[in-house]
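Novice: Chain by chain, the residues run as shown.
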Amino acid sequence: MDFCDAMEKLPEKENNGLFGKNLLRTKDMSDEDIKAIAAGACALKAMRDNNVSPKIFDSGIAVSMFSKKDNGMELAFASGCDLLGLTIIDMDRKLGNSNINETAGMASYMADALGICESDFIEKSSRYIKRIADSVEEAQKSGVIAQKPCVINLGSDEDSPVQTIADLQYMAERFGGIENLKGKKIAITWAYSPNGTRSLAVPQGILSLVTRFGMDVVLASPEGMDLMPGTYEEAEKNSEISGGKFTRTDSMEEAFADVEIVVPINWAPFTFLEKRTELSAANLGTYIDLLEHELRENNKEFINWEVTEELMEKTKDGKALLLHDIPADVTDITCIRGEMTAQVYNANLENLLKEAGIRPYVIAAMIILAKSEDPKAAFETIAKRATKRYF
Amino acid sequence: MDFCDAMEKLPEKENNGLFGKNLLRTKDMSDEDIKAIAAGACALKAMRDNNVSPKIFDSGIAVSMFSKKDNGMELAFASGCDLLGLTIIDMDRKLGNSNINETAGMASYMADALGICESDFIEKSSRYIKRIADSVEEAQKSGVIAQKPCVINLGSDEDSPVQTIADLQYMAERFGGIENLKGKKIAITWAYSPNGTRSLAVPQGILSLVTRFGMDVVLASPEGMDLMPGTYEEAEKNSEISGGKFTRTDSMEEAFADVEIVVPINWAPFTFLEKRTELSAANLGTYIDLLEHELRENNKEFINWEVTEELMEKTKDGKALLLHDIPADVTDITCIRGEMTAQVYNANLENLLKEAGIRPYVIAAMIILAKSEDPKAAFETIAKRATKRYF
Amino acid sequence: MDFCDAMEKLPEKENNGLFGKNLLRTKDMSDEDIKAIAAGACALKAMRDNNVSPKIFDSGIAVSMFSKKDNGMELAFASGCDLLGLTIIDMDRKLGNSNINETAGMASYMADALGICESDFIEKSSRYIKRIADSVEEAQKSGVIAQKPCVINLGSDEDSPVQTIADLQYMAERFGGIENLKGKKIAITWAYSPNGTRSLAVPQGILSLVTRFGMDVVLASPEGMDLMPGTYEEAEKNSEISGGKFTRTDSMEEAFADVEIVVPINWAPFTFLEKRTELSAANLGTYIDLLEHELRENNKEFINWEVTEELMEKTKDGKALLLHDIPADVTDITCIRGEMTAQVYNANLENLLKEAGIRPYVIAAMIILAKSEDPKAAFETIAKRATKRYF
Numbered sequence: 001m002d003f004c005d006a007m008e009k010l011p012e013k014e015n016n017g018l019f020g021k022n023l024l025r026t027k028d029m030s031d032e033d034i035k036a037i038a039a040g041a042c043a044l045k046a047m048r049d050n051n052v053s054p055k056i057f058d059s060g061i062a063v064s065m066f067s068k069k070d071n072g073m074e075l076a077f078a079s080g081c082d083l084l085g086l087t088i089i090d091m092d093r094k095l096g097n098s099n100i101n102e103t104a105g106m107a108s109y110m111a112d113a114l115g116i117c118e119s120d121f122i123e124k125s126s127r128y129i130k131r132i133a134d135s136v137e138e139a140q141k142s143g144v145i146a147q148k149p150c151v152i153n154l155g156s157d158e159d160s161p162v163q164t165i166a167d168l169q170y171m172a173e174r175f176g177g178i179e180n181l182k183g184k185k186i187a188i189t190w191a192y193s194p195n196g197t198r199s200l201a202v203p204q205g206i207l208s209l210v211t212r213f214g215m216d217v218v219l220a221s222p223e224g225m226d227l228m229p230g231t232y233e234e235a236e237k238n239s240e241i242s243g244g245k246f247t248r249t250d251s252m253e254e255a256f257a258d259v260e261i262v263v264p265i266n267w268a269p270f271t272f273l274e275k276r277t278e279l280s281a282a283n284l285g286t287y288i289d290l291l292e293h294e295l296r297e298n299n300k301e302f303i304n305w306e307v308t309e310e311l312m313e314k315t316k317d318g319k320a321l322l323l324h325d326i327p328a329d330v331t332d333i334t335c336i337r338g339e340m341t342a343q344v345y346n347a348n349l350e351n352l353l354k355e356a357g358i359r360p361y362v363i364a365a366m367i368i369l370a371k372s373e374d375p376k377a378a379f380e381t382i383a384k385r386a387t388k389r390y391f
Numbered sequence: 001m002d003f004c005d006a007m008e009k010l011p012e013k014e015n016n017g018l019f020g021k022n023l024l025r026t027k028d029m030s031d032e033d034i035k036a037i038a039a040g041a042c043a044l045k046a047m048r049d050n051n052v053s054p055k056i057f058d059s060g061i062a063v064s065m066f067s068k069k070d071n072g073m074e075l076a077f078a079s080g081c082d083l084l085g086l087t088i089i090d091m092d093r094k095l096g097n098s099n100i101n102e103t104a105g106m107a108s109y110m111a112d113a114l115g116i117c118e119s120d121f122i123e124k125s126s127r128y129i130k131r132i133a134d135s136v137e138e139a140q141k142s143g144v145i146a147q148k149p150c151v152i153n154l155g156s157d158e159d160s161p162v163q164t165i166a167d168l169q170y171m172a173e174r175f176g177g178i179e180n181l182k183g184k185k186i187a188i189t190w191a192y193s194p195n196g197t198r199s200l201a202v203p204q205g206i207l208s209l210v211t212r213f214g215m216d217v218v219l220a221s222p223e224g225m226d227l228m229p230g231t232y233e234e235a236e237k238n239s240e241i242s243g244g245k246f247t248r249t250d251s252m253e254e255a256f257a258d259v260e261i262v263v264p265i266n267w268a269p270f271t272f273l274e275k276r277t278e279l280s281a282a283n284l285g286t287y288i289d290l291l292e293h294e295l296r297e298n299n300k301e302f303i304n305w306e307v308t309e310e311l312m313e314k315t316k317d318g319k320a321l322l323l324h325d326i327p328a329d330v331t332d333i334t335c336i337r338g339e340m341t342a343q344v345y346n347a348n349l350e351n352l353l354k355e356a357g358i359r360p361y362v363i364a365a366m367i368i369l370a371k372s373e374d375p376k377a378a379f380e381t382i383a384k385r386a387t388k389r390y391f
Numbered sequence: 001m002d003f004c005d006a007m008e009k010l011p012e013k014e015n016n017g018l019f020g021k022n023l024l025r026t027k028d029m030s031d032e033d034i035k036a037i038a039a040g041a042c043a044l045k046a047m048r049d050n051n052v053s054p055k056i057f058d059s060g061i062a063v064s065m066f067s068k069k070d071n072g073m074e075l076a077f078a079s080g081c082d083l084l085g086l087t088i089i090d091m092d093r094k095l096g097n098s099n100i101n102e103t104a105g106m107a108s109y110m111a112d113a114l115g116i117c118e119s120d121f122i123e124k125s126s127r128y129i130k131r132i133a134d135s136v137e138e139a140q141k142s143g144v145i146a147q148k149p150c151v152i153n154l155g156s157d158e159d160s161p162v163q164t165i166a167d168l169q170y171m172a173e174r175f176g177g178i179e180n181l182k183g184k185k186i187a188i189t190w191a192y193s194p195n196g197t198r199s200l201a202v203p204q205g206i207l208s209l210v211t212r213f214g215m216d217v218v219l220a221s222p223e224g225m226d227l228m229p230g231t232y233e234e235a236e237k238n239s240e241i242s243g244g245k246f247t248r249t250d251s252m253e254e255a256f257a258d259v260e261i262v263v264p265i266n267w268a269p270f271t272f273l274e275k276r277t278e279l280s281a282a283n284l285g286t287y288i289d290l291l292e293h294e295l296r297e298n299n300k301e302f303i304n305w306e307v308t309e310e311l312m313e314k315t316k317d318g319k320a321l322l323l324h325d326i327p328a329d330v331t332d333i334t335c336i337r338g339e340m341t342a343q344v345y346n347a348n349l350e351n352l353l354k355e356a357g358i359r360p361y362v363i364a365a366m367i368i369l370a371k372s373e374d375p376k377a378a379f380e381t382i383a384k385r386a387t388k389r390y391f
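Chains as they are written, first to last, in the numbering used here: chain S, 1 to 391; chain U, 1 to 391; chain A, 1 to 391.
Since the hints were derived computationally from the structure, they do not count as laboratory data.
Glycine included, every Cβ here is placed at the ideal spot set by N, Cα and C.
The reader is advised that the hints may include incorrect statements.
[As the list claims (entries may be wrong)] Chain U side only, calculated, beta carbon under 8 Å to chain S, not exhaustive:
no.	residue
1	Gly183
2	Thr381
3	Lys384
[Said to hold, decoys possible] Stretches of chain S that chain A covers, calculated by requiring three or more beta carbons in the stretch to come under 8 Å of a beta carbon on chain A:
no.	segment
4	35-44
5	64-72
6	150-157
7	310-317
8	356-364
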């Protein structure tokens, strides 16, 4: 794809809703903002694939804070920032044992972007990220920092905008544009994993996002495996406004019928996460272990929530596109029984890697949009310069 | 501030006392050297605040070695080096379990700067840093390395020149120049912290530095909470030469009377540190735990050494400037009882962040001064090029 | 040395056997390939020593994966990549607990080089590195990545090409060219270390390499301290083809007689490594501890395999060049009894540091050769640009 096509879709100066903003949840962004990020990611990827370097920062820092190891997102953040010329510094800072104002101040001195991943605590995680963002703003107002870095949510308790916008853009690539997603049938479904304690960020984030673009969405999960309160209502409202559809089922098989896209993903139920957050606040580590053990035992009841070739056969023409925010838990590859069989995984591996490969460009696009009064001009500067990488 | 003003204060070619040198202790630097670092930091900050990039290295490496996690100084070193165009590599190397010559050699191959933080062992820590610096020099003499990196002390057992010169520069900014610090009343005072095992680097370093610039210094600490032998004598001698004043008291209240600057800070007494160093050399970890426990118990006697609003009222016009090498131990924010109340901390947060924000620029200035035969020319090169950052 | 001389030895466009290749084992490279890497390293070092920056990448990433801490090789990889303009991202990924296809995909998205160090498991380690390399190739073929990074072995169970080519180049520097190594006597000898569990990568790699260049090689080791099966046969065959010589002895003293180069190095016997690999696959950690304990106890029988001044006296004119892939285990410096005495170590330290200092340049040369259809042109581009570093 020629990157000029994607650049056409970038907002004009007066319409960049992301200028000066943080990137915390897609629900805080307008549809136009989201399309702008997708278009920016697409343009940057096309440049890089043609070996044109989109390095726009002469120097500068991007600070990452991960409350736990996440190789995929860490590499995505590092690659996306490096693409623009920012140096990555990883700050080992966890929720709870730190003074947020100092953390935010120290991380911001020369930073152009701040990426935070903190997903373990229901409500607390997103409040933590929000408070960092507020402190950064405060630091700019009081003159502590001359320039405000944009704060990017790399995965919280409730959303993971980098992942979900990458997913949206990947579907757009496959179906000929975001507009063409309207009416397309997509199944988002809980899937079994022996680990079982993954956050709600991705399933909630993707549900909230695709219902906004008019898709025909079915959500499948075993009884009791609930998302955060309000999520279903929000999805319904989104669907109503966008002219899409939102239904629920407790059968994976039912969900797969005739869909064009499937998103199998494991998550821990809201009630478990809420309880774990309480126990953690009370420093009751032993009880957390017990609680997680119970969850894993309970989950075994749903060991059949595994995507198999037979299930894939039920999708439209037996050829649905399978999405996943890899790493995935795959039967016979990473565990004895997981979210999907090795056959299904291997048949879709190329797509899964392409999907995940968009994340660095989403991050880079977010930074340019948040930093640019006039993003089109910024992209044109890059394109005009057209620095060819030597190799 | 226009960065040209600060650049005026940089030394002429024939007067750069730091060229080719390491940056280990302020007491090894002349007053002119210290002023040069402060001026350099000031010029670099002004450039960056005006979005001019002071990147002077096309490529190159800065190696950091931290014997334990110190987010603030790690970020300062990384930001300061990145500002100049150096890539940061963190080398996980601790005193004791390594061969100093190999460590120094391997760290130096392509390094332009080497930042070392090692503060736990009385005398041993600074000797370790010194030996690294000597090995680096040896490696250059024998042709192992073509260029000698400057070694920067990021915190040892006895000094922390990056922190203290940042403090000096911040006071200079607040009071209209280093010259204006002459005669200003400053209280450096021990303060309670539940941790209690912080090194002497900052209190000793700041005492040693401010007495050189003619300030009217009072040092307050509970009985027995002593700094290293010789420190008080040095402070007295400094004061005599500079025309300042140095007194001691065992009352925080007394120390605060009518001062314009207060520096509350927790430290562990010399006798404790000496004993811990011995126990550590003998590999008696259990006894170290016991010793630290005793110290913390003993410290409870001094729980009232906390900066409160009432105490701040006793300072000049009730408005003394409060300095601290954050992170601080703050009552109700990071602990139940700490060095200062939340009210005092919050009222001074903006200043504390501005003070800490100078550290990256001090580090960058140190590197330019140690690398440049003619630092004015180096700064002029940067200023003339005036590479505007895109955003 | 003028870097032009070394550049003369680079291959012409039609003869670059490394273009598009990975760098896994010297035995997969032709003699010409190896000489090209050595010449490239030499040219790059000469440039940097003359303060010319060989930065050829405008942006780009190099990903490292170390299964365990190795400060020397980590710094070498980071420095070598930085020299060319690549940003280093360290990916904490271990053999076994990961999905190789995902790992390879995620690491490759924007990477120009991938450095992997994984040496603990006989056969499995090199198979792991090979599978990563295959996955990367797969990812390029299927369009997941636009550009294939070259995969560099930074130390496996069977070879360490960066180390051994650095050694070859260092010997070439000392003896006036690789051609002059022909017929030179070299002793590769097992040496005692209290640790005792080092991999076979370096002794095997160096044996395999120097026998190819016509050297007169003697390998000394205590009975039972065997390398991988097939290694001796390969060395013999290499020697036959190159017109060199290969003999074995179980006496260090005998090996040292009249040699010009000595390479003392500790390694664990193949049978131990094989057994440990089995126990590890069966998750029998306690038995691994036991096995390692037995090995260390058994090794004490060979505590006299230590390079002393007396032994060095037996070498040609008493002045053999001593090589070691530092860090070394040195008597009285890092342990009570090690591979060599402190006197021998200190007398050779300068050489050891110079030898190790070539590694970053070998890595950089490997990258340019693997990336360039026409490496001479790439080097000429760098030389013509001749970007002087400011300091």
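Novice: If a hint holds in the structure, say so; if it does not, say that too.
Specialist: Hints and how they fare:
1. Gly183: Since the shortest Cβ distance to chain S is 28 Å, the answer is violated.
2. Thr381: With Cβ-Cβ at 15 Å, over 8 Å, it is violated.
3. Lys384: Constraint on U/Lys384 not satisfied, violated at 15 Å.
4. 35-44: violated (count 0)
5. 64-72: holds (count 3)
6. 150-157: Violated, because only 0 residues of the segment 150-157 of chain S bring their Cβ atoms closer than 8 Å to Cβ atoms of chain A.
7. 310-317: With 0 residues close enough to chain A, the hint is violated.
8. 356-364: With 3 residues closer than 8 Å to chain A, the segment 356-364 of chain S meets the three-residue bar; holds.
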